[in-house]
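Enquirer: So the mapping is simple: this note's numbering equals the position in the sequence shown, first residue as 1, plus 166.
Don't read these hints as lab results, they were simulated from the structure. Fair warning: there could be bad hints in the mix.
[Stated by the list, open to error] Derived lysine-lysine pairs resembling DSSO-like cross-links, with alpha carbons at most 30 Å apart:
| hint | residue 1 | residue 2 |
| --- | --- | --- |
| 1 | Lys410 | Lys330 |
| 2 | Lys552 | Lys226 |
| 3 | Lys226 | Lys553 |
| 4 | Lys553 | Lys224 |
| 5 | Lys409 | Lys330 |
| 6 | Lys409 | Lys478 |
| 7 | Lys224 | Lys330 |
| 8 | Lys410 | Lys553 |
| 9 | Lys478 | Lys410 |
| 10 | Lys224 | Lys552 |
| 11 | Lys553 | Lys227 |
| 12 | Lys226 | Lys330 |
| 13 | Lys227 | Lys478 |
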Amino acid sequence: MAHSLLFGLSYTSNMIDVMVAKRSIFFQLISSAQYSVDTFFVLSGFLTAISFIRQVEKEKKLSFRLMILYYIHRYIRLTPTFLLVVLISINLTPYFGNGPMYPVEQGFESKGCRTQTWWTSLVYLGNLVRPDEMCLNIAWYLHNDMQFHWIAPLTLIPFIHGRKFLSFLIAVAFIFITIISTLSILLYYPNMSLNEPTGRAHNDGPSFYSTIYIKPWCRISAYAIGLLTGYTTVITGRQYQMKKRYQLLGTIISLAFISICLFASYPDSIHVPGLSRSESVTYVTFSRTLWSIAIGWLLFLCSTNQGGIVNKILSWPIWFPFARLNYSCYLIHATIIYMMIFNQTRPFYYQGYLFMNNFIAQIFLSYFAAIFVSTFFETPFFIIEKKLFKR
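Input sequences plus hints: build the corresponding full structure.
Expert: Next comes the structure, spelled out in structure tokens:
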């Protein structure tokens, strides 16, 4: 939903109405949708820890072959579908529509992506090498996730060898790297905008998006918290039962963290009077870590069957098909949104019901397209990889 709104802002005719809509609590939830990325980083770290430890236990040792498979499996799992969508976006999107706003010459990708930085998609460095010309702008998440996967063995291997304290220490160091890096950059650039979609303060100033938002050293805390959650689950066991009062206390603290992340910036939305610079810097520096701790806590409860109604809802069978399609849908959805935006004959006139109508259509079309991409491209590569490496 956030992408649906953000991508179309430059093509909206009544921006004043959008600014008025930002004053609602509902709109604040859309503005805070950025934390969903940190949720996925936590899940990625958690699953990496659990699956790696289980695989080592299955083979009864940490072998060189296992480490090679650790990297190959992840690359094959993500890359074929990712490159398919990138190639479509570079080569075919110029022919997906027409109209006064449609980029018929270059499609949805910049000239830099088409001629110079396309290779960064192959090696997952798009967020580090000329990020302003990154192919498939939503792919910054994949670049970060792969980079985290590359360095995760720094903390995974000590855990396997029984040096759990060292493993925890390295993961905690990753968290502090995020906090210190973010705070240092914000203090070094006191005029950097923290509220605009691009985060650009001046034409000659640094962009919040390219300097902080997509950089791995400013995002790794969520992944590290996922690793720590996975380690804790392995140590305690899936049958671990915590006293109810501790469950309640931890859940209350987690909900408080989530509420702070979602609503602490609300004064900026309504300009009454708005956060001070120091308050905004504090919020940006710590909010993602607080959110990740809250998600990690809820994930730990669910993984040990203590999640209550949250665990029951997340275990509903209805989610299984969506889980299969989510990766393909994620890669496709930006292209679907751009197709709808650029095929308009006039700028979009923002109204709540029209926005929701477009959003529902984009969700439907993204999952519909994902069915074909997943069935005929993603799944076959996954099956081939399993057969080749006998996983």
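Enquirer: Each hint: holds or not?
Expert: Hint check:
no.	hint	in the structure
1	Lys410 with Lys330	27 Å, holds
2	Lys552 with Lys226	20 Å, holds
3	Lys226 with Lys553	22 Å, holds
4	Lys553 with Lys224	18 Å, holds
5	Lys409 with Lys330	24 Å, holds
6	Lys409 with Lys478	20 Å, holds
7	Lys224 with Lys330	19 Å, holds
8	Lys410 with Lys553	45 Å, violated
9	Lys478 with Lys410	18 Å, holds
10	Lys224 with Lys552	16 Å, holds
11	Lys553 with Lys227	22 Å, holds
12	Lys226 with Lys330	18 Å, holds
13	Lys227 with Lys478	35 Å, violated
Checked against the numbered hints above, the structure breaks hints 8, 13 and satisfies the rest.
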